[in-house]
Structure formats: C-alpha cells, structure tokens
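**Q** Listed below, chain by chain, are the residues.
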Amino acid sequence: MAHFLFFLLAIVCIASVLGMIISKNQAYNALFLVLAFACMGGFFALLDAPFIAVVQIIIYAGAIMILFIFVIMMINLREGLPPERKKWTLYFALGIAVVLFVELILTMKSAFSSLKSGGIEKIGSPTDIGRLLFTEYLYPFEITSILIIAALVGAIVLVKKRDKE
Amino acid sequence: MNSFSALIPLLIIVFASLCIMILEAFLKKENKDYLAYISIIFLVVCGFFLVRAWNKDFSYFNGNLFLDNLSLFFSFIFLITTFLVILISMKYISLQGVNCGEYYSLLLLALSGMLIMVSSGDLLVIFLGLEVLSISSYSLAGLRRKDEKSSEAAIKYFLLGCFASAFLVYGIALLYGATYSTDIASIINHFQSGESLGLMALIGLGMFVIGFGFKIAVVPFHMWTPDVYEGAPTPITAFFSVGPKAVGFAVLLRVLYPYLKNVQDSSKAIFLLLCIISVLTMVVGNLIALRQTNLKRILAYSSIAHAGYLLIAILAQDNASLVFYLTVYIFMNIGAFAAVIALGKKDKEYLELEDYAGIGFKYPWIGATFSVFLLSLAGFPPTGGFLAKFYVFSAAVRQDLVPLVIIGVLASLISVFYYLRIIVYMYMKEPSYEVDINIDNPGLFLVLFLCLYGVLQLGIFPGNVLILIKQAVTALL
Amino acid sequence: MIPLSYFLILSAVLFVLGAVAFFVKRDLITMFMAVEVMLNAANLAFITFAKSASSIDGQIIVFFIVTVAAAEAAVGLAIILLIFRQKKTIKSEDINLMKG
Amino acid sequence: MTDIFWLIPFIPAMSTLILAIFGQKLPKKYISFQACFAVFASFIISVISLVGLLQTSHESYPLVKNLFSWIHAGSFKADLSFQLDPLSAVMALVVTGVGFLIHVYSVGYMANDKSYSRYFTYLNLFTFAMLILVMSSNVVLMFVGWEGVGLCSYLLIGFWFEKHSAANAGKKAFIVNRIGDAAFIIGIFFILIYVGSGEFTAINSAISGGAITQGVATLIAVLLFVGATGKSAQIPLYVWLPDAMEGPTPVSALIHAATMVTAGVYMVSRMNLLYTLSVDAAQVVAVVGAVTAIYAATMALTQNDIKRVLAYSTISQIGYMFIGCGVGAYAAGMFHLYTHAFFKSLLFLAAGSVMHALSGELDMRKMGGLRKYLPLTYPTFLIGAIAISGIPFLSGFFSKDAILTHAFASGQYFVWALGILGAVLTAFYMFRLIFLTFHGKERMTPEVKKHIHEPPPAMTVPLVILAFFSIVAGFIGLPVVFGKNLNWFGHFLEPVIKKSHEAHLTLGTEWLLIIISVAVALIGILIAYIFYIKKPQIPHSLVARFPFIYKLLYNKYYVDEIYNATFVNPTIKGSELIYDKFDLKVIDGAVNGTASSASFFGKILSYFQTGLIKDYALIFLLGAILFIAYLLF
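Residue numbers (our numbering), protein chains in the order written: chain X, 1 to 165; chain E, 1001 to 1477; chain Y, 2001 to 2100; chain Z, 3001 to 3633.
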C-alpha cells in the first residue's frame, strides 16, 4: 500500500513538474506546481512528518502558490511563453540533467545502505515541533521574524504606488 | 559565558530598522536626512556594545549565537561599512530619486543579516542570516524604481541568488544527511573521524562552497556581479561589493579553516578546486576589467579579482591576513565608490570613463583621493592595499603556494593597466565636454577622508589593528 | 516500508528537474517556480534524513526553509511586478540592458 | 650626531605634503625656495651623518634607527626603520647633492611652466621615495621606495601629459617598471621564507651563516635582478628609458642619471653577499651588464635626438656598473655610480640648456657651431663628455678603469673585451654629439638663431658645480698604480661590501690595461673628429667615389649622408637594424603585445557575459557540475 502510494505520488509529482516545464501558460504552470507540492506533502506524511506535511500544503500550496497565481493574473499576459525552442539548448539541458542526476545519485549512493527507515512513531507531532521551536531552535525562529520583516519591507517598497506616480 | 548581552547588538540594529520605518511615516520629505542620522546613532550605540563585548565571549541560545572576538571584529567592520554607506547615500538618494526611509531600514536589515551570519557556528542560522541579507539586498538593488537598469539588476540578483541558495540548501541537506548535524564543529569532527558517508559530506560541503562562491563572486559563479553592480544604486553597489563579500569570506573562513587544517586527506580535493577557482577568478576578473569603460563595471570586475586574492588567503590558512585584507578592502573599495558617487548631480550620474577626463584638476580632492584608492586597489605601497596583498602573498609563499602567488602577482600586474587608465583619464586627458557635479555633499567628503585615512593608516601604521585581528583570529584555533 | 533511498532518488530527480527548468523556461515567474522545486527537493532530502536519524531536527529545518521560500516569493514577485510595470514583459531574454 | 639621519628622507616628505596641499596658492618664489631648501637640508644632514659615520667604529655599522613597527605577520616582521652605513651614506649624498643641484636648475628651467607647484611636488616626492629606497634597513621598506620611484617617474615623465607621447612614455615607464617589480616582490617573498626577516643584517647573517643554499641564493638573486633590470633599464626591460626623454630635461637628469636608474646597482651592491654566494647569478649580472653596455652604445650611435643619445648612453653606463657588480667589484660599481651621477646629470642639464637656448630644438642635425653662442654650456658639456669617455684624470676615467680592471683580473676576458669595445663607442658617440652640436657648420634656422642665449644663472651655476665635481670626484678612488691605499672610496665601503676580488695583477698589467682603455677612448674621439670635423671638407669626393652608396642613402640629411657613406660598416647597419627591427618591433611589440593580447582575452571572456539570466545560470550550472565531478572522482 505504502509502496503504491509512493509510486503514485512520485509519478504525479514528477509529471506535474515536467508539465510545468512543457506547458507555456504560467497559470497552468502554477497549478502544476500546486499539484507537485501537494504530492510533496504526501511524501512528508509517508516519512512520519505529519506536521510538516500539513505546513507544506497550507503554506506552499495554499499561500505561496496563491501569491504566484495572483501575480500571474495581475500580469495577465495574452500569449504564453513556450520553453526554449532551440534544439541545441534542449539537448544541452538534457545532457546537463543527466550528468547532474548521475552525480547526485553517485553522491547519495553511499548513503542508501546506511539509511535506517525504522523510525519511531509519533515523531514530528505539532507538540514536539513546537517545543523544539521554542527551545533549541528559538534563535532561528527569531531570525525568521527578521527575515519576514525584510521581505515585507522589500516587497512593499518595490511595488507600492507613490503619490506622484 | 551565556548572557543576553550577546543578542543586544542584533536587537539594536533590528530595532533601529523598525524605528526608521515608523518614523518615515511621520517625517516630512525635506527632513528625511534625520533618518540617516538616527541610523548612525544606532550604529554607534551598537558599536559601543560590540566594543564592550570584546574578549568576553558572550553566547546565547545554547551557543547558537556567540560573540567571540572574530565575530565581534567582523561585526564591527560591517558596522563601519554600513556607516560609510549611509553617509554616501544621504545626498545620493535625494539626487537620484530613491528618497525613502525604507532605504535605510533595508540597509540595516541587511546589516543584521550579516551580524547573524558571523556570530553563529550553525549552518541553519548562517543560512537564515544569509537569506535576511539576500532578501534585503534584492530589494535594495531595485530601489531606483524608475530606472530599468536597477530593476534588471534586482531580478538578475534575485533569480540567480535564489538559484544559488537552492544549491546551498541542498548542500546543507547532504551535510545533514551525512552527519545528522548542522553544527560546523560537529561536521568537522565527523570529517575528522573519517566515518562513512564521507563522499556525501564532501559533496555537501562542495555545494555549500558553491552557494557561497556565488555570494563572494568567484569565477564561475560570478556572472551576476557586473550587471548587478552596474544596475544597483551606486551606494548599494558599494555595499554589495564589500558587505556580502566580506561576510561570505567570514563564513568560509569558519568552515574551511578547520576543515583544511584538520582534515588531511579528503580536503586535498577541495583545496585544489579552490586553487583553480582562485586562479580563474584573478585571471578572468582582471582580464575582463581591461575592456570595460563603465566605472561601476570596472570596479565590479576588480572586486571579482579581489575575491581571487582573498581565496589565496583562505588557502594559505592565514586567517589574520584574510581579515586584514578584508578590512583594507572595505576602506579602499567604499572609498573608490564614494569617488564615483561624487561625480553626479540631479538625476545624472557620470559613470563612463570619458566623463573622468580632467577631473583630477577640476576637483582636486576627488581626483587625489580616488587615485589613492585606485593605487591601493592595485597594491601600491605605502597604501593598505599593498600591505594586505603583501601579507596574503607572503603567507601563501610560506605555505608553498608559490605558483599561486606568481599568478597573483602577475594578475595584479594586469590590474595596474585598468586602474591606471582611470588615473590617466583623470589627470592626462583633456575633457571634451563639461562635467558639472553637485559638490555640496559633506557626508560623501567625510567618507572620502575617512577611507583615505583608513587606507593610509592601515598601510603605514597597521600595528594596532593587526594586534586586534590577531586576538580575533585566535577564536578559530 | 518504502526504502528511504527511493525518496533520496526522487529528491535528486526533482532537484535536477528544477535546475533544468530554470535554464529552459523563458518567463521570469516560471524560472522562479523552478527554484521553488529545487528548494522542495532539498526539503524532501532533509525529511528523509531526519527520518533516518530518528530525530525531528530535519523537520524543523524544513519548516524554516519553507519560511525562507515564502519570504523569497514575496520579494521575488514584487520584483517581477516591477519589471512588468516597466517593460510590459516578463520574458527573461528581454532583460538584457547590461552585458559585456 | 648621527642619530638624526632618519630625518634625511622626511624633510622632502614634509615639503611634498605642504606643496601638495597648499601648492596652488603659494607664490612661485616660495615654492622654489621650499623645494630646494628641503633637499638641501637633507643634503646637509647627509653630510653630517657621513662625518659622524666616519667617526664611529666599523663594528657598530650599520646604524639603525627604528621608527616604529610596521608589519607583523606571524614570525616575520618588518619595521619602518632606516639604516646608515657607508653604502646608504654614499647614495644619500648622491641623491640629495645632485638632486639639490637639479632642483636649483629646475627653478630656472621650469620658470614659465604653468604647473610649477605640481612639478616641485613631484620632484620632492621623488626624492623622498628614492631616499626611502636607499636608506631603508629592510627589503620590504626598500620595495616601498622601489615602487615609489616608479610611480613618481610616471608622474614626472608624463608631466607634460598634453603631449600624447609624454603621457604614453610615462605609462610605459610605469608599466615596464611594474613588470620588474613583480619579479622583485616574488624575490622578496623568497627572502622572507628562507631568512624569516627582511632586515639586511639578518639576510647577511643568514647568508654567512649558511642558512641559504646556493640554489636558493641563485633563485632569489635572479628574481631581484629582474627587478633591477626594470628599474635600471637593462636588457630586456630597458625600453622605457629612451621614451622617458619626453619628460622635462631636469627630470631626465634626476631620474635617468643620478637616482632612479641606479637603484638596481645599489640593490645588487646591498645584496652583495647574495650575489657572491651565487656565482651563476653574478655571472648573469655581469653578462647582462656587458651586453647592455655594448648594445645601448651601438644604439646611441645612430640617434639624432640629443637627449636620446644621452638616454642610451645612460643605459650603457649602467651596464658598466653591473659589469662591476657581476665580477665582484661592487665597490667599483658603486664608484662608477657615484661619478656617473655627476657627469651624466651634467650632460643632461647641459643638453637642457642647449634646448633652452634653441627654443626646444633637440635634433642635432639642426644644430652646429654653438660653441661661440654658448660659452658656458660648451665647456661644461665638453667636461662631461671627456669624463664619460674615460680620459684621464677626470672622474669617469677612474671608475670605468676600476670596473674594467676588475673584470680583467677576475678572468672575465669576454666581459672585459665587450667593455673595451663599449668604451670606443662611448667616446665616439659622445664626441659625435659634441662635434655635431657645438662645432662645424651652423644649421639652425634663422628664426632659432636669433634667440640663442645663455640660460639664467639658476641653470648655469649647477652646471659649473657639476662640471667641477665631474673633474675631481674621481680622486677619492685612485687605482693601485698611483700608490697603495689611495682608493679611499673602496676602503670606505669595505665594511658593507665584503672583500671582493683584489686585483691580482702586476703593476705592469694594470698600467697596460689603463693605457688600453685610454687609447681606445682616444681612438673613439679621433674617429669622431675625422668624421665630423674633417669630413665635411671632402664629402663630395666621397660621394663621387661611392655613388652607389650615395644613391642608397640620398634621401637623408646632409650630415647623415656623410655619416652613412663613411660608416657603412656592420656596426652601423647592425645598430640601425637592431633599432628598427629589434628594439622597436620585438621589444616594444612584446610590451604592447602583452597588453593587447591581455585585452584580447578580456574581450573573448566578456563575450560570455551576455546579459541573459539563462546564460548566467548555465555557466553557474556547468561550473557546479564540474566542481562536483571533480570532488566525486
């Protein structure tokens, strides 16, 4: 069952990323991505990280991608942009993809055998994560507040309409 | 010592940034200069706390945040950087129509990102600090909203920066996978113990270096640099050319120094790669700079080349020389950009080489100080630039990196051509048209003199600073 | 149980696809989406390793990375909007005022 | 009394600072006073220090004044410290003494220049840098002066930058110097590794203590010598000097006669233990010196520009100094440096007053018969020419003889022969210069002729003083044939320069050598006399006898035709060929070629900078892939 779920999700996920690459409409791209991220949430759930799985779906699929879709609708381009048409670029991209993939697999191959998949149950519950966030990870947590201020200020400065304009 | 004091400098800076944002809403347009003054006051207060913390080794958050002498020293030079950048910005933002309080606010947020990065030994914290710095930087690059070049710089910086960040994160993930930790010290321990998964850890470290290679702009991860530097508002370019670069080196120092020192066999590969990158960076940066006619682009390529020299210092494992070089570099580079900014008036910047014809006589102070900064960048005695290069190269020679040093010396020989070209234009070319600039810019002239003082002080009487630096780098031992 | 190596391979696939999409796609928004895919690949790797380590540190890191991604998205989309207002285009090859 | 010697460099430095800041607003009179006085004060202190030095015992040499600690890096440290010993005392005296006279001369020469204060600022700055170079007690500080004079030479040569050629010449000087400096600094790095200190005393004790092997010594010595070839204009880095004549003439006198170009010789003498240890490096020095001496002398034969003749002559004379150093006669090399400073600056300054008189004319073909118009310049010029040609008993005779004798005594017959050949050429081209300029037919345009006048006293007085020293300066270093222990100069330098080869020659051989060198000098003068004084009466018959040759050369000027018609021999042909084909094409081409090929690669590389995010990402990706691949395999 788990295997089946994994392969199903994996196929959907990869397919939707491929869809994003092939499709020329940005709105579709964004929707493909929502799908891919939702699958990602499924993987997280499979990996005993239910809280992160939910976060993934709520924040990524729910918030970030909605932001994308908003912007896409604001821009509202009439004609879509297909991916690169030039032959050599595509072959090149394919080549790069294969090489990079082989490299990463070779890198991680050593880890395959030593990965222990028998994790403890109940791991990654909201309580555990919350407790860690406010103890061991308090500092990073505080930093994210600065990060969000920076993003907020930056985004507003860049796009707000001035009185004069 | 576990103490809340460790957090104070960061809090001050973030608080300052928030204050400025609030005040911005209440200040009238003509009073916006006060925002700069307020930021400077906060910087001074923060500097005061940093000085007080010297030798105290404060830490907080279970050691996630610590203020050892090295972080204090770096934090302090970042404060100086920001201080100088604020001074050169004051006139610029009103002349070039970027007049907004968020400018200072973002600058201070970027500073806080840098403070976070240098005062932690945890890769996650470093990454978050880097993102604070980067996200502020992306917006800063695009602040000249009417200028298409500025937004182009922002988008290039943003997209490529995120791309590089993804590599960085993946690198951290691999390191985590191999060592189950994000703490630098335990990662190094893992490397040292030579446990299994060495390869994954090695590649993780490699991808981490790639991500930071982007920040410090080394070849081949440098491609964004000239375009972003050209398009960003000039004071921000000055900031980019020193701030992110210095902080990138500070982090690399913390990671690579113990790695190269303690991990004998597997570090060979990274060592050789860094040698290659260093050579490429010096050669490519200096060669392309020869062809440029835009001052900002020349300085951009020059800053790429300097990253190459700085990498030599990392390879020579001589921390004092790296820190000293960075300190000098801040003064000479900001000084050079200040001189470039000086040549501007309302809605007009003079950035082409042609514009500099005869400037040396028309504006003797600008010409003279600019020449000193350029000579310092070229490594001429008795400026700080000479001494910095001298330290780095002699440290490298001690480590038997002679070929690297020879290439470095030759590369800096090439660099003389383009630095000299600017001086030749300033003093030996007749201007073919009138360049008229806004001379009423006290902050900028203050920066010119401070940088001049810094460059000469560090070149002639470096003693005290060196003692401080020596104390600072003992934190790494 | 599903072998964890499957997840790692999937993570590698996604990372590569993201990197290639960044290089192949021609509009700024989708290029940025490609970066998000790469970040998600890293997230998947983190969670997998966390599972293998039987610790939830990796999950918390992912939590932070998601935050970073959100922050990046906010600024990035603002910049893209800015570009669009100026040039009325988001084609990446139209963004080359500066070169050389 | 001697502990004030560290002030020597600082007085010009202060003066520079004042002139740089307030120069524009100060009156000319004050500027000239201050600039000259600063150098004069340094000169006085140098004299005082010299006297003090003579009274201290040899054991306490060198006197070191440590101002403050400058560089501290690991085990290595370098201080801002100066040292006084015979070698630096001699150099300081030459630099300040001759420098002072040139400052005074400049007051007259530059009187009407619009950038008066800038000129003196540079001049003082140059003096400062040169004094740092010669007085520093460690090699790092010496490098500061070494770079400093390079920078000043750029400023001074390019002083009249409105002239395109001047600006280019300045740039060329700077860059060629910088190439040498690159080798020099690498040499310094090696010193720092193997000695652990840059102090000259430490270097010397490391060498005498055997801490440096011969191989290392050769490596360091050769690297340093490459630096010296740049500064002292030796093959292959001499190309900047002839062009540098674009600068004001007093500058040529200062930089290219008395100070900067001698820096290399000073450095080699300072490091004499190193070069003694490394026989190979010393041989390189000697051969390069000898080849340069003869090569530059042949160059000088064909030049028509009065200053260019002097420029090549300088290169050639410095070659002699290096011959001295290379054969182990450092004292003789330094002695020649010292006498050369007088007569060469005399020649330059005299050439300057000829120019001044002729409204800036430099072409000898447009001069002639000037001796009756310039009654003061002519004799002083003549004294300089006699001195350089090596006629007894003027200064140049003693020093050149000392070098050649030592070369012979050390068994370097080939070097000696080249030196002798060079001596003939020297005498010939100097007297060619004299005859063309001051004798024979007057070939000036009437316009110019009207304005001929002796220059003002500010210019003539230094000439006279220099002429006086050109005559007597040699008497402090008499050769053995005139009696034992008369070589006071050599004895004075002995504490610094460890026993060189004593000339193990019999008195008879020594006499023979002296006679040979005097004879060749006279022959050179005689040939010049025949060609340029006698020949003008029979040019036409010559032309009639060699119509073919005449036809070959008929395009040239009157004097040039005779010149060529009578001298069509391998030397001249060769020298012209070398000048055209080698000097201009190959060496200049190499310098320019390096620049343009660097620029070409820059162009290719910037082609990758397309401005497209996609391409940047691609290069990033490729870089990352290669990076990871390297780590994997």
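Some hints could be false.
Here are some of the chain X residues that sit facing chain Y, going by a computed Cβ distance under 10 Å [stated by the list, open to error]: (1) L18; (2) S23; (3) N29; (4) L33; (5) F43; (6) L47; (7) D48; (8) F51; (9) I59; (10) V71; (11) K87; (12) W88; (13) L100; (14) L152.
These are calculated hints, taken from the structure and not from any lab test. Glycine is no exception: its CB is placed at the ideal position from the N, C-alpha and C atoms.
**Q** Next, verify each hint and record whether it holds.
**A** Structure-based check of all given hints:
1. L18: 7 Å, holds
2. S23: 9 Å, holds
3. N29: 5 Å, holds
4. L33: 5 Å, holds
5. F43: 6 Å, holds
6. L47: 5 Å, holds
7. D48: 6 Å, holds
8. F51: The hint holds - F51 (chain X) has a Cβ within 10 Å of chain Y, the shortest such distance being about 7 Å.
9. I59: 5 Å, holds
10. V71: 5 Å, holds
11. K87: 12 Å, violated
12. W88: Not OK, violated: W88 (chain X) not within 10 Å of chain Y, min 12 Å.
13. L100: 5 Å, holds
14. L152: 7 Å, holds
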